[in-house]
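Participant: Chains as they are written, first to last, in the working numbering: chain D, 203 to 426; chain R, 203 to 426.
Any given hint could be a false lead.
[Stated by the list, open to error] When the alpha-carbon atoms are kept at most 30 Å apart in a straight line, the in silico DSS-like pairs for lysine-lysine are as follows:
hint : chain 1 : residue 1 : chain 2 : residue 2
1    : R       : 322       : D       : 308
2    : R       : 266       : D       : 296
3    : R       : 296       : D       : 283
4    : R       : 338       : D       : 256
5    : R       : 331       : D       : 257
6    : R       : 338       : R       : 322
7    : R       : 309       : D       : 257
8    : D       : 230       : D       : 392
[Unchecked claim] Far from chain R by the CB rule (all over 10 Å, computed), these chain D residues:
hint : residue
9    : 243
10   : 256
11   : 311
12   : 322
13   : 330
14   : 349
15   : 354
16   : 406
17   : 423
The set of hints was computed from the structure by calculation and includes no laboratory data.
Yeah, the Cβ is synthetic: ideal placement off N, Cα and C, and Gly gets one too.
Number of protein chains: 2
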Amino acid sequence: MAKQEEVILLDFWPSMWGMRVRIALAEKGVSYDYREQDLRNKSQLLIEMNPVHKKIPVLIHNSKPICESSIIVEYIDEVWKEKAPLFPSDAYSKARARFWVDFIDKKVYHNGRILLYTPKGEEHEAARKEFMDSVKLLEGELGEKDYFGGESFGYVDAALIPLYAWLHAYETYGELKVEQECPKLIGWAKRCLEKKESVSSVLPESLKILAFVQQMRKRFGLDE
Amino acid sequence: MAKQEEVILLDFWPSMWGMRVRIALAEKGVSYDYREQDLRNKSQLLIEMNPVHKKIPVLIHNSKPICESSIIVEYIDEVWKEKAPLFPSDAYSKARARFWVDFIDKKVYHNGRILLYTPKGEEHEAARKEFMDSVKLLEGELGEKDYFGGESFGYVDAALIPLYAWLHAYETYGELKVEQECPKLIGWAKRCLEKKESVSSVLPESLKILAFVQQMRKRFGLDE
Chain D
203 MAKQEEVILL DFWPSMWGMR VRIALAEKGV SYDYREQDLR NKSQLLIEMN
253 PVHKKIPVLI HNSKPICESS IIVEYIDEVW KEKAPLFPSD AYSKARARFW
303 VDFIDKKVYH NGRILLYTPK GEEHEAARKE FMDSVKLLEG ELGEKDYFGG
353 ESFGYVDAAL IPLYAWLHAY ETYGELKVEQ ECPKLIGWAK RCLEKKESVS
403 SVLPESLKIL AFVQQMRKRF GLDE
Chain R
203 MAKQEEVILL DFWPSMWGMR VRIALAEKGV SYDYREQDLR NKSQLLIEMN
253 PVHKKIPVLI HNSKPICESS IIVEYIDEVW KEKAPLFPSD AYSKARARFW
303 VDFIDKKVYH NGRILLYTPK GEEHEAARKE FMDSVKLLEG ELGEKDYFGG
353 ESFGYVDAAL IPLYAWLHAY ETYGELKVEQ ECPKLIGWAK RCLEKKESVS
403 SVLPESLKIL AFVQQMRKRF GLDE
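Here chain D stands alone, though its shape is the one from the complex:
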């Protein structure tokens, strides 16, 4: 029945959290109704579906909302389990994957935001250092593997690859050289884009993200 598979995604195109959900849905081949949200003028639907945080992404599956991107991706993997498993099956590898996604959210994305939207100074410099330390740790965790998930694309890959669309902006405002310092990570990102349509179909162009960041910085009074 059609109702059994009513899938709606409330999202905002540049969101790294939204992208990971869109990638997971693409991996599973789930069709959905994408509804772009205006975050400066939140829709009644968004407020009703995520009354606690009022944030995107929200997945609405048969009228039931699921919030918080990493929780949504776990949900997607459990519900559409036949195709493209995103998690390893043993409990220890699963815990490690969860550990790295939590790390990405706390260390990489958190510091990335500071790099883009705070003026230079102590806080910016501390974020710059922690951001680089964090991507280097991820470079080490990847090692010689094709994907963080090993031979196949998985949960950590889906969670981290949106970073690649933002990298040019981070490098610009953080004065970083991730491309030079983390060659394995860059190789992995290019591999994901080349081999996974779920990624190439979702990731926006770096210059589009840069233009978005420039617009936000003007709004925050950081640039003229």
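Start from chain D and add chain R according to the hints.
Facilitator: Positioned in the frame of chain D, the structure of chain R alone reads:
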């Protein structure tokens, strides 16, 4: 074989994150070697087992470390799945339980720390408001149920109940009246303590936590 079940917990007695792991282990009836950590002089073992964050709790199961309390509890539930399941079986209820634990970590425990260890002022006042709003939301989520998990004690219960040991300290330094404003939550906490040995055997006395907080405040120069 004995080696199959070598379980070590690196922990620190007042930790709310540590307590939730100890409660989960008690629910499952898992015996383990508890190793109290000195967080001002971190052990080589802690640094080796959690090189990324160097934080407790760390569960070491057959020489393999698992870090981050909510990830550890999920691991425990998956490995020792025969007894006392902490998660509901359907994907949607599981996602909701994860959502609330994430909320507890981000809103309740985060603001609780500010209440205890920052001087009065704007930040303290904002944390006070968000802390109360958050516990009221949890009161609403509990509703008329016996436990957050419904009829049986589960993941959200194990994650939130350590708060009760800290409540006296929060009420003291946050000038809050949680006991008066959230009668259902207090009823739930008392029920957990009365009916669950996993909880009563783990939670330290409120006055012991208060004394610990007083000592920390002196160390931070907040009190004489």
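Participant: Confirm or reject each hint.
Facilitator: A quick look at each hint next to the structure:
Restraint check for residue 322/R and residue 308/D: the C-alpha separation of about 27 Å stays at or below 30 Å, so the hint holds. Restraint check for residue 266/R and residue 296/D: the C-alpha separation of about 13 Å stays at or below 30 Å, so the hint holds. Using a Cα cut-off of 30 Å, the hinted pair residue 296/R and residue 283/D holds, with the two alpha carbons roughly 15 Å apart. Among the hinted pairs, residue 338/R with residue 256/D is consistent with the structure: their alpha-carbon atoms are about 17 Å apart, no more than 30 Å.
A C-alpha spacing of about 20 Å is found between residue 331/R and residue 257/D, which places the hinted pair at or below 30 Å, so the restraint holds. A distance of roughly 22 Å separates the Cα atoms of residue 338/R and residue 322/R; the hinted pair therefore holds under the 30 Å criterion. At most 30 Å may separate the alpha-carbon atoms for a hinted pair to count; residue 309/R and residue 257/D meet this at roughly 15 Å. Taken as a hint, the residue 230/D and residue 392/D pair is honoured in the structure, with Cα atoms around 21 Å apart against an allowance of 30 Å.
At roughly 23 Å, the least C-beta separation between residue 243/D and chain R is larger than 10 Å, which holds for a residue marked as non-interface. With 10 Å as the threshold on Cβ separation, the claim that residue 256/D sits away from chain R holds: the shortest Cβ distance comes to roughly 13 Å. In this structure residue 311/D is separated from chain R by more than 10 Å, as the shortest Cβ-Cβ distance comes to about 14 Å. Every Cβ of chain R is farther than 10 Å from the Cβ of residue 322/D; the closest lies at roughly 23 Å, confirming the non-interface assignment.
Against the 10 Å criterion, residue 330/D stays outside the reach of chain R, whose nearest CB is about 19 Å from its own CB. Separation of residue 349/D from chain R is adequate, the least Cβ-Cβ distance of about 20 Å exceeding the 10 Å criterion. Every CB of chain R lies more than 10 Å from the CB of residue 354/D, the least distance being 21 Å, so the non-interface label holds. Chain R leaves residue 406/D outside its interface by the beta-carbon criterion, the shortest separation being 27 Å against a cut-off of 10 Å.
Listed as a non-interface residue, residue 423/D keeps its Cβ farther than 10 Å from every Cβ of chain R; the least gap is roughly 21 Å.
The earlier numbered hints are all upheld by this structure, with none contradicted.
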